[in-house]
Amino acid sequence: MTASVLNFVVRYSPLLILALGWELVSRLGLVSSDALPPLTAVGAAWIDMMHDGDFLSNGFAAFYHSDLVVNGAASLWRAGAGLSLAIVIGGALGILMARWRAVNIVFGPIVEIFYPVPKSALIPVTIIWLGLGDGSKILLIFLGCMIPVTIGAFNGARAAEQTLVWSARSMGADRVRTLWDVVVPSALPELLNGIRTALALAFILLVSSELITSQNGFGYLIGSLGDNGSYDAMYAVVLTVALLGFAADRLYQMLMRRMLIWRQ
Amino acid sequence: MATVELTTSAPPSAARALHGALRFGVRIASVVALLVAWELLARSGLLTPYQLPALSTVLARIWHDAVAGDLVLNTWVTIIRAMAGFAIAAVGGVALGVAISRLPLARWFFDPIVSIGFPMPKIAFLPVIILWLGVYNVSKLTMIVFDAIFPVIAATVIAIQGVERELIWSARNMGASERELLWQVMLPAALPQVMTGLQVALPLALIVAVFTEMKMGGYGLGAAMMTASRFANSVGVFAGIVEIAVVGYVLVKAMSVVRRRLLIWHQEAAEPA
Amino acid sequence: MAQIVVDGVRHLYRPPRGKPVLALEDVTLEVREREFLALLGPSGCGKSTLLYLIGGFLPVEGGSIAVDGKPVTAPGPDRGIVFQHFALFPWKTVRGNVLYGLERQGLPSAERQRRAQQFIDLVGLTGFEDSFPSHLSGGMKQRAAIARTLAFDPKILLMDEPFGALDAQTRHLMQSELLGIWQRTPKTVIFVTHDVQEAVYLADRVAVMSARPGRIKTIVDIRLDKADPNVFKAKAFVEKVDEIWGLVKEEAIKAQGARAS
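Residue numbers (numbering that gives the first Met the number 0), protein chains in the order written: chain B, 0 to 263; chain Z, 0 to 272; chain E, 0 to 260.
Calculated from the structure, these hints are not laboratory results.
A hint or two may mislead.
In the SDA-like style, the derived pairs of lysine to any residue whose C-alpha atoms are separated by at most 20 Å in a straight line are [said to hold, decoys possible]: (1) Lys-69(E) - Pro-19(E); (2) Lys-91(E) - Glu-163(Z); (3) Lys-91(E) - Met-194(Z); (4) Lys-252(Z) - Ile-240(Z); (5) Lys-18(E) - Ser-3(B); (6) Lys-91(E) - Gly-174(Z).
Residues of chain B clear of chain Z, computed beta-carbon distances all greater than 12 Å [to be verified]: (7) Ser-65; (8) Ser-166; (9) Arg-174.
For each residue, glycine too, the CB sits at the ideal point set by N, CA and C.
With the rest of the complex left out, here is chain B (with noise of 0.2 Å):
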């Protein structure tokens, strides 16, 4: 128990030296405190963005009335609603694609042709189509995400071993329940890898849309903030989302262990 302990401590402490270094260059005024606010302060706007008014007289609404609570749930809003349509609607695309060729034929080329298009270019776009608010930002997650999700989808489904497929269906499996029972599962390792990206890609794809044109959310925050001159809040909030990122492909990749456990 104490040498896993030690373990994290010793892997996890560049970043505890990283931290220490910061507070030290930004206090000894190596580098303007305005570029590089101290940890400290950091730290202190962080708290001060997450509640509003004191917890003593508000409750929790102190918490979830916070600038970056308010914020933050708008921003998460739309990464996962654009995220959910890309999974359900990109993973069966890709099944279908793979087991029937019709399907293939129609959709194959234009998952092929938007998969170098660089998503980021797509922001624009969405703009024209749904103005500035939630849904074009949600379209956008959308259709960056289903790229990934599909093509995992795709792989995934194409490799499911002929053999599996027709025991199935000498056990009297018709085509539809063999989709369920052989070549979803088969399919699995490579789409969750493929959602894996997607999700990676939604934080990204939120953030930039964000930061280009937004009235709430993180990306609007950061960029209010810088525009306020508040470093050491802007600071706050790329940090909070830059680790959103980060735990929440650490969550994922233990979830599709979990999903995968007979693979081991």
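Let chain B serve as the given structure and place chains Z and E on it in line with the hints.
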């Protein structure tokens, strides 16, 4: 006298060329079909010309920009920007990857940084970079390198750590020094996987280049597209997408040609009997 | 004075996870110059490990290994190695691979090319000098690996189940070719295998190793007329094979038992 076994040789070049041409033809056909569908949909009246300008209008606009406008300049700027960032990320990423896999101190220091940095939306740091480096090209380049270097580092580390022990031992057996071992054996052996990492980094560099132009202005396809967007110029926006898509496609294609050339010994590794 | 002296060597195998395992215990062995010694034993007995220790790829922790009176500390071109899975540099052609050791030795260019071609011809790969390994069959790859190692003229040849990855027919062909090559350019050879017939056919002496932790169980002299085309069916041959197989079988059963427990 020993008999020499005949190996099954690769298919004769003529058959291979025909096969390749056929697949290319199918690809072209589907692209054409898509473009035709676009034009028909635009003309059908289901969507307004604002929501979906006709392909012909967009192409005309692109032509106009190429001949009389800034298209060539902007395209050039974006490509150079993306390639410069990619090059720095490639060299730096491989160097760091080699250091991390060979030097325990480097591995200890960089491992958490890379492991946390990889899934982070690094684009969130753009305002920080602008704060430090101003609103000029340096900031854009820095953002590109910051984003593109991670997949290169990750691929290099995996590749170097995965070099077969017996290749290293054979080289040592033949008297190779540590330096020779690194340059003559480990890096070539790692090349396929490193190339894969580079193939991820290149489109990433382009995406970030375009985005930084959108956010920060200046020259480049992203900036032009954002300007069009601000003026509600939907033809301009669609033209931008087509231009960027073409650039993206060309770069990715060029990369895979380079890969095939460099890895000719690897790609053809279809195991004969 | 024997060329290779292995004295009381022990070796611990340290897996990335789990406890260390004693792979070799008190191995003592002498190899004479120019003799062909086969190392035989059940799976897991450490025969390859012993070979890697002699080759200098693994550090000697207990006991000592000396070649020509000097202790072994690192790999070097005096002890050439041939691996089971060829270990050819896939990005180099056959010629490029064979040239590699010669380049490391700093020979002049014309000399390098001449030697490389000589050994490529010797192993029967004339015409395939510019092919990449991925285009070659298993047997051809192994010939290339052997040519590469022979080219830099090591005094000692360490062979780690070199024909193990080949099909039975190719294996037989390669065995007689190896014998032919060895008779023409005599070197000290230590040949690891689990195939008793192969060991008896090729070797002057066969060292049978015990189950893990490995030690030398017995050394058997082989005095047979290898030139006889029907040597595999000769009575003396068959008797030798039986004798040695009996020894190996004892150890193989012990190894199985240890694994099952």
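A quick look at each hint next to the structure:
1. As the CA atoms of Lys-69(E) and Pro-19(E) are separated by approximately 29 Å, the hinted pair breaks the 20 Å bound.
2. Of the pairs offered as hints, the one joining Lys-91(E) and Glu-163(Z) holds, with about 16 Å between alpha carbons and a cut-off of 20 Å not exceeded.
3. For the hint linking Lys-91(E) to Met-194(Z), the alpha-carbon distance of about 18 Å falls within 20 Å, and the restraint holds.
4. With a C-alpha separation of about 18 Å, the suggested pairing of Lys-252(Z) with Ile-240(Z) holds against the 20 Å cut-off.
5. With a C-alpha separation of about 17 Å, the suggested pair Lys-18(E) and Ser-3(B) falls inside the 20 Å cut-off, and the hint holds.
6. Pair hint Lys-91(E) plus Gly-174(Z) holds up; C-alpha atoms about 18 Å apart against a cutoff of 20 Å.
7. Under the 12 Å C-beta cut-off, the non-interface status given to Ser-65(B) relative to chain Z holds; the minimum distance is some 19 Å.
8. For Ser-166(B), the shortest C-beta to C-beta distance to chain Z comes to about 27 Å, beyond the 12 Å cut-off, and the non-interface label holds.
9. The Cβ of Arg-174(B) sits about 26 Å from the closest Cβ of chain Z, beyond the 12 Å cut-off, so the non-interface label holds.
The earlier numbered hint that this structure contradicts is number 1, and it is the only one.
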